[in-house]
Amino acid sequence: MAEEITPPAATGAKEVAKPKLVATDAASHPWVMSLSAGVPGAVVASKTFAGQVTVTVAREKIADVARHLKQAEDFAYCVDVTAVDWKERAPRFDVVYHFYSFSKNDRIRVKCGAADGEDVPSIARVYLAANWCERETFDMFGIRFSGHPDLRRILTWEGFHGHPLRKDFPLEGIDTGAAIYPEEWPEGGGPGASDPNRKVVS
Amino acid sequence: MKILTPTFLTYVKVLLIVAVVPAIVGFVIVLAERRIMGFMQVRLGPNRVGPKGTLQGLADLLKLVTKEDVTPARAEKFVHFLAPVLAVIPALTALAVIPMGPSIRLARHVSTPLWVADINIGLLFLLAITSIGVYGIILGGWASNNKYSMLGGLRSAAQLVSYEVPMGLSLVAVLLMTRSLSLVEIVMRQDRMQLWFVFPGLLSFFLYFVSGVAETNRNPFDLPEAESELVSGFNTEYSGVKFAFFFLGEYAAMIIISCVAVTVFFGGWLPPFGHVKALSFLHIVPPFLWFLAKVGFFIFCYIWFRSTFPRYRFDQLMALGWKWMIPLSLVNIVIVALAILWTPGRTDGLVRLGWLFGALFLLMFFLAKLRQALARRDRLASEPAGTRQSALKA
Amino acid sequence: MTDEKLSQAERDEAAYFAERAAAAGVGRPLSQGDTPPAPGEPPTLFDVQEMELNFGPQHPSTHGVLRIVLKVDGEKILEAIPDVGFLHRGTEKLFETETYPMGIPHTDRMDYVAAATNNHAFCLTIEKLLDVEVPRRAQLVRVILDELQRLSSHLVWLGTSGIDLGAVTPFWYAFREREQILDFFEEYCGARLTLNCMRIGGLPFDLTTGWVERLLEFVDDLPARIDDYEQLLTDNRIWKRRTVGIGVLTAAECVEYGLTGPLIRASGIEWDLRRAQPYECYDELDFAVPTRQNGDTYDRYIVRVQEMRQSVRILRQCLDRLEPGEIRGKVPRVIKPPAEEIYASIESPKGELGFYCVSNGSNRPYRMHCRPPSFINLQALPKMAKGHLISDLVALIGTIDIVLGEVDR
Numbered sequence: 001m002a003e004e005i006t007p008p009a010a011t012g013a014k015e016v017a018k019p020k021l022v023a024t025d026a027a028s029h030p031w032v033m034s035l036s037a038g039v040p041g042a043v044v045a046s047k048t049f050a051g052q053v054t055v056t057v058a059r060e061k062i063a064d065v066a067r068h069l070k071q072a073e074d075f076a077y078c079v080d081v082t083a084v085d086w087k088e089r090a091p092r093f094d095v096v097y098h099f100y101s102f103s104k105n106d107r108i109r110v111k112c113g114a115a116d117g118e119d120v121p122s123i124a125r126v127y128l129a130a131n132w133c134e135r136e137t138f139d140m141f142g143i144r145f146s147g148h149p150d151l152r153r154i155l156t157w158e159g160f161h162g163h164p165l166r167k168d169f170p171l172e173g174i175d176t177g178a179a180i181y182p183e184e185w186p187e188g189g190g191p192g193a194s195d196p197n198r199k200v201v202s
Numbered sequence: 001m002k003i004l005t006p007t008f009l010t011y012v013k014v015l016l017i018v019a020v021v022p023a024i025v026g027f028v029i030v031l032a033e034r035r036i037m038g039f040m041q042v043r044l045g046p047n048r049v050g051p052k053g054t055l056q057g058l059a060d061l062l063k064l065v066t067k068e069d070v071t072p073a074r075a076e077k078f079v080h081f082l083a084p085v086l087a088v089i090p091a092l093t094a095l096a097v098i099p100m101g102p103s104i105r106l107a108r109h110v111s112t113p114l115w116v117a118d119i120n121i122g123l124l125f126l127l128a129i130t131s132i133g134v135y136g137i138i139l140g141g142w143a144s145n146n147k148y149s150m151l152g153g154l155r156s157a158a159q160l161v162s163y164e165v166p167m168g169l170s171l172v173a174v175l176l177m178t179r180s181l182s183l184v185e186i187v188m189r190q191d192r193m194q195l196w197f198v199f200p201g202l203l204s205f206f207l208y209f210v211s212g213v214a215e216t217n218r219n220p221f222d223l224p225e226a227e228s229e230l231v232s233g234f235n236t237e238y239s240g241v242k243f244a245f246f247f248l249g250e251y252a253a254m255i256i257i258s259c260v261a262v263t264v265f266f267g268g269w270l271p272p273f274g275h276v277k278a279l280s281f282l283h284i285v286p287p288f289l290w291f292l293a294k295v296g297f298f299i300f301c302y303i304w305f306r307s308t309f310p311r312y313r314f315d316q317l318m319a320l321g322w323k324w325m326i327p328l329s330l331v332n333i334v335i336v337a338l339a340i341l342w343t344p345g346r347t348d349g350l351v352r353l354g355w356l357f358g359a360l361f362l363l364m365f366f367l368a369k370l371r372q373a374l375a376r377r378d379r380l381a382s383e384p385a386g387t388r389q390s391a392l393k394a
Numbered sequence: 001m002t003d004e005k006l007s008q009a010e011r012d013e014a015a016y017f018a019e020r021a022a023a024a025g026v027g028r029p030l031s032q033g034d035t036p037p038a039p040g041e042p043p044t045l046f047d048v049q050e051m052e053l054n055f056g057p058q059h060p061s062t063h064g065v066l067r068i069v070l071k072v073d074g075e076k077i078l079e080a081i082p083d084v085g086f087l088h089r090g091t092e093k094l095f096e097t098e099t100y101p102m103g104i105p106h107t108d109r110m111d112y113v114a115a116a117t118n119n120h121a122f123c124l125t126i127e128k129l130l131d132v133e134v135p136r137r138a139q140l141v142r143v144i145l146d147e148l149q150r151l152s153s154h155l156v157w158l159g160t161s162g163i164d165l166g167a168v169t170p171f172w173y174a175f176r177e178r179e180q181i182l183d184f185f186e187e188y189c190g191a192r193l194t195l196n197c198m199r200i201g202g203l204p205f206d207l208t209t210g211w212v213e214r215l216l217e218f219v220d221d222l223p224a225r226i227d228d229y230e231q232l233l234t235d236n237r238i239w240k241r242r243t244v245g246i247g248v249l250t251a252a253e254c255v256e257y258g259l260t261g262p263l264i265r266a267s268g269i270e271w272d273l274r275r276a277q278p279y280e281c282y283d284e285l286d287f288a289v290p291t292r293q294n295g296d297t298y299d300r301y302i303v304r305v306q307e308m309r310q311s312v313r314i315l316r317q318c319l320d321r322l323e324p325g326e327i328r329g330k331v332p333r334v335i336k337p338p339a340e341e342i343y344a345s346i347e348s349p350k351g352e353l354g355f356y357c358v359s360n361g362s363n364r365p366y367r368m369h370c371r372p373p374s375f376i377n378l379q380a381l382p383k384m385a386k387g388h389l390i391s392d393l394v395a396l397i398g399t400i401d402i403v404l405g406e407v408d409r
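Residue numbers (my numbering), protein chains in the order written: chain A, 1 to 202; chain B, 1 to 394; chain C, 1 to 409.
Please note: incorrect hints may appear among the correct ones.
Per the computed footprint, the stretches of chain A lying under chain C, defined by three or more beta-carbons under 8 Å from a beta-carbon of chain C, are [said to hold, decoys possible]:
#1 31 to 38
#2 43 to 57
#3 62 to 74
The calculated EDC-like cross-link candidates involving lysine to aspartate or glutamate, where the alpha carbons are at most 16 Å apart (straight line), are [claimed, not checked]:
#4 A:K104 x C:D235
#5 B:K147 x C:E253
#6 A:K167 x C:E98
#7 A:K70 x C:D83
#8 B:K369 x C:E256
#9 C:K71 x C:D83
#10 B:K147 x C:D73
#11 B:K147 x C:E50
#12 C:K76 x B:D60
#13 A:K70 x C:E256
Derived list of chain C stretches under chain A, where covered just means 3 residues or more per stretch with a C-beta under 8 Å from a C-beta of chain A [stated by the list, open to error]:
#14 57 to 67
#15 238 to 247
#16 271 to 277
#17 353 to 359
Keep in mind the hints are simulated off the structure, nothing from the lab.
Treat the numbers as computed from the prediction; the structure is a model and nothing was measured.
Glycine included, C-beta positions come from ideal geometry on N, C-alpha and C.
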């Protein structure tokens with residue numbers, strides 16, 4: 001069932017007529033410098049692409065980073081929290097945060113790596129907006145956020161198997177079970193493996 | 001003509017009420033409501049069944065009758081059945097005392113009045129009987145075993161009880177003028193006084209009609225069945241004939257409220273200003289038709305309200321009833337009593353009260369308009385520049 | 001992925017979840033401040049008598065399949081817990097399996113009352129990644145489509161939130177104009193709801209003949225029509241009593257909850273992405289960003305109505321500036337953006353609608369994430385609803401202006 005659905009990364013992309021945008025190092029960017037000074041040891045890498053600053057930080061420090069950005073750098077508005085599943089990479093996931101500052105009128109993207117099963121400190125106590133976003137990320141990727149006030153599945157139902165946005169989750173779905181009617185269907189869901197009526201429900 | 005005894009004629013009239021009122025509800029009022037609301041809402045309304053949609057009522061009836069009659073699993077079966085019956089029967093019973101016109105001649109030496117019974121406690125009887133209809137709604141909400149229905153039933157219990165009070169009190173003020181509870185006598189007296197009670201009782205009328213709208217659960221007081229909040233409230237779990245009964249009960253209650261308003265405040269079957277010489281041609285129209293036309297107007301008002309107003313919130317509705325309508329109706333009783341004492345034995349005091357109320361009403365109308373205009377001006381001043389069309393063209 | 005492994009993971013997760021939930025006090029019977037009757041004692045009249053009420057997912061006022069678990073005392077809401085996900089279709093997963101242009105129709109199905117803005121946000125993200133210049137005519141037409149869509153979305157909101165509060169008539173007026181707007185969409189791209197009306201780098205079609213003239217006529221008519229709706233509602237006393245002071249959000253709370261769009265503007269923050277970070281040609285257009293100070297349901301209503309008037313202004317300016325020209329930028333036939341990541345967002349009728357795209361250099365996005373305004377805005381509902389009545393909850397769901405297709409994706 002673990003079907004690879006990701007196309008292999010294209011190597012040797014064809015030349016494009018226009019000059020591409022290139023990512024540049026952003027270590028000297030004021031926000032990044034402020035972060036390095038404010039949260040020592042947090043910043044792992046940083047870059048600028050198309051005018052957007054991306055800072056990669058250490059996983060354990062993410063809550064501190066968020067607090068620093070909110071308080072010292074006035075990034076008052078948490079735009080979004082999501083994740084990317086790099087299936088073969090060493091920490092498997094990137095948890096991606098976007099923050100916006102009204103005074104700077106600009107966004108910053110903060111990333112941290114997280115291996116499968118590792119807890120990421122929750123920023124829901126720093127930004128209330130991150131509450132549901134983190135729940136969604138947990139639901140879709142199975143990344144757990146430690147210290148989250150209410151970490152439950154949000155888009156899929158409780159009792160759902162697996163995490164749909166992981167790259168190894170098949171597109172056609174899995175037998176999701178029917179924990180909704182435990183008296184009619186066995187625990188774990190769906191007709192049992194020996195049931196002739198069993199079929200894959202997506 | 002032995003057969004046309006008064007008793008026999010009474011039976012006939014009862015049968016007519018029981019048979020004709022539902023038919024009127026089904027065919028005329030519902031169709032009128034949907035067409036008028038359609039007109040007010042830039043759409044057509046039903047126009048497919050029969051010529052111009054006239055048979056829509058029949059189609060609705062057939063649909064309701066042929067639908068499955070569902071009783072929820074853990075409902076109180078008997079009460080669930082009883083509730084719609086309780087909603088309809090009092091409403092139809094109350095029609096018995098409504099005088100729809102003076103006597104008409106059926107044959108030589110045989111004439112009959114257009115009411116079933118003229119009892120000397122007519123108004124009291126009406127209030128008593130119509131308040132039984134509340135039980136239908138409360139029990140229906142309770143027996144359905146549904147939280148939304150329950151909430152609807154609770155809402156209607158509180159609402160109907162609260163609004164019975166100003167309704168009764170507003171009629172007390174009229175009783176001071178009529179000195180009779182008999183509805184026929186109330187109409188006769190308006191004829192003799194050459195004055196409809198709506199003029200000295202303008203405040204009474206407003207209190208009565210607003211309470212009446214609340215009593216019948218119609219917009220803007222349709223909280224017990226608020227479909228966007230309680231999913232139809234007390235009648236959520238009703239279908240088929242039982243639902244049709246609730247439906248009929250609501251519309252019959254509307255008819256009752258309108259009939260009482262017409263009888264008590266608008267001179268029943270009397271033509272407007274019948275005693276004025278210049279308007280004596282109005283007597284050509286049969287009294288019964290006057291009555292029908294007036295009732296029709298109030299039913300139109302119901303429909304009009306429905307397509308105009310948003311719905312009140314529950315606590316606001318209670319506040320309106322208890323903080324405004326009940327004190328107002330008490331004050332109103334005092335005012336009317338004073339007006340009667342002003343010129344004892346004559347109607348001058350009442351006439352003057354009528355003028356006073358009329359002037360007050362106009363004043364309040366213009367004050368409200370002014371207030372609205374001021375609010376609008378303030379609002380426009382706070383809008384960003386260049387929003388309005390005039391500013392755009394400049 | 002074997003069954004044993006799955007169930008083990010599942011067990012782990014369930015244990016983890018139960019622990020977390022217990023720590024956070026989820027499922028605790030009452031919110032703070034209310035005293036439940038002591039066990040064993042019969043409740044008196046003024047004790048809190050808690051009842052759990054399922055509001056939705058099949059309920060006429062939840063604007064789709066939203067379920068809210070209500071804890072009520074009588075009609076007073078002690079706690080409202082939204083439960084979303086009934087319309088989850090895995091749109092983000094679908095994006096990953098198809099090429100970039102094939103993702104556009106999927107965006108139609110997210111906020112299905114405002115498909116054009118979704119298309120726009122999606123295309124804008126890819127264009128930013130590709131660094132493609134959109135020709136001027138395409139920019140103007142995109143703005144026109146956006147603003148038409150904003151009008152139509154706000155009209156749907158106006159009508160439905162009116163019905164929620166029992167005002168039926170504005171619905172029909174609003175939908176009369178919406179139908180006309182949908183007619184314009186239909187003439188432009190053949191669809192009325194799921195438009196699929198933008199392409200990466202520009203537009204699929206040029207405008208049909210006479211479209212601009214007819215639209216101008218419609219636009220000239222519109223302010224008077226908006227006056228009609230306002231006449232029914234704005235100064236209506238019942239409407240004001242139902243909306244003024246309901247669901248008040250301060251500016252600080254709005255920022256804290258990440259609210260965007262009319263919600264934040266009704267709380268006094270003049271923030272609109274069209275103004276703050278102009279995309280396409282919004283920087284040269286003259287329009288105001290309506291704001292109000294009180295942050296209640298009434299102010300959100302006023303802000304949306306004024307936004308409709310501003311949309312009319314924008315439409316008029318765009319129609320004046322339209323000149324013949326290219327409608328598609330120079331986009332390679334096979335879209336293979338550089339292996340980078342990008343976030344771009346636009347001001348959708350509901351708020352900030354953003355897409356976060358991670359490319360690995362192939363012709364399909366490695367990860368495409370949508371930042372849905374409805375989803376984030378819905379988070380504020382428990383805060384807004386607490387202490388209000390059930391009737392107000394209906395008003396609040398309406399005022400957030402959620403579309404469940406976008407909440408659940």
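Against the structure, the hints come out as follows:
A stretch counts as covered by a chain when three or more of its residues have a beta carbon under 8 Å from one of that chain; for the region 31 to 38 of chain A and chain C the count is 0, and the coverage is violated. With a cut-off of 8 Å between beta carbons, the region 43 to 57 of chain A has 4 residues touching chain C; three or more are needed, and the interface restraint holds. Given a C-beta distance limit of less than 8 Å, the hint that chain C covers the region 62 to 74 of chain A is violated, as 0 residues qualify and 3 are needed. The hinted pair formed by A:K104 and C:D235 fails the criterion: a straight-line CA distance of about 39 Å is larger than 16 Å.
For the suggested pair B:K147 and C:E253, the alpha carbons sit about 33 Å apart, so the restraint of at most 16 Å is broken. Note on A:K167 and C:E98: the hinted pairing holds, with a Cα-Cα distance of about 14 Å set against a maximum of 16 Å. At most 16 Å may separate the alpha-carbon atoms for a hinted pair to count; A:K70 and C:D83 exceed this at roughly 29 Å. Annotation: proposed proximity of B:K369 to C:E256 is violated, straight-line Cα distance about 41 Å (limit 16 Å).
A hinted pair counts as satisfied when its Cα atoms are at most 16 Å apart, and C:K71 with C:D83 qualifies at roughly 13 Å. Only pairs whose Cα atoms come within 16 Å are accepted, and B:K147 paired with C:D73 is accepted, the gap being roughly 12 Å. Between B:K147 and C:E50 the alpha-carbon distance is near 12 Å, which keeps this suggested pair within the 16 Å criterion. Annotation: proposed proximity of C:K76 to B:D60 is violated, straight-line Cα distance about 37 Å (limit 16 Å).
Between the alpha carbons of A:K70 and C:E256 the distance comes to roughly 10 Å, so the proposed pair stays at or under 16 Å and holds. With a threshold of 8 Å between beta carbons, the proposed coverage of the region 57 to 67 of chain C by chain A is violated, since 0 of its residues qualify and at least three are required. Counting residues of the region 238 to 247 of chain C whose beta carbon lies closer than 8 Å to any beta carbon of chain A gives 0, which falls short of the minimum of three for the stated coverage. For a cut-off of 8 Å, the count of residues in the region 271 to 277 of chain C with a CB near a CB of chain A stands at 3, and the three-residue condition holds.
Coverage of the region 353 to 359 of chain C by chain A holds. Counting CB-CB distances below 8 Å, 3 residues qualify, and the rule asks for three or more.
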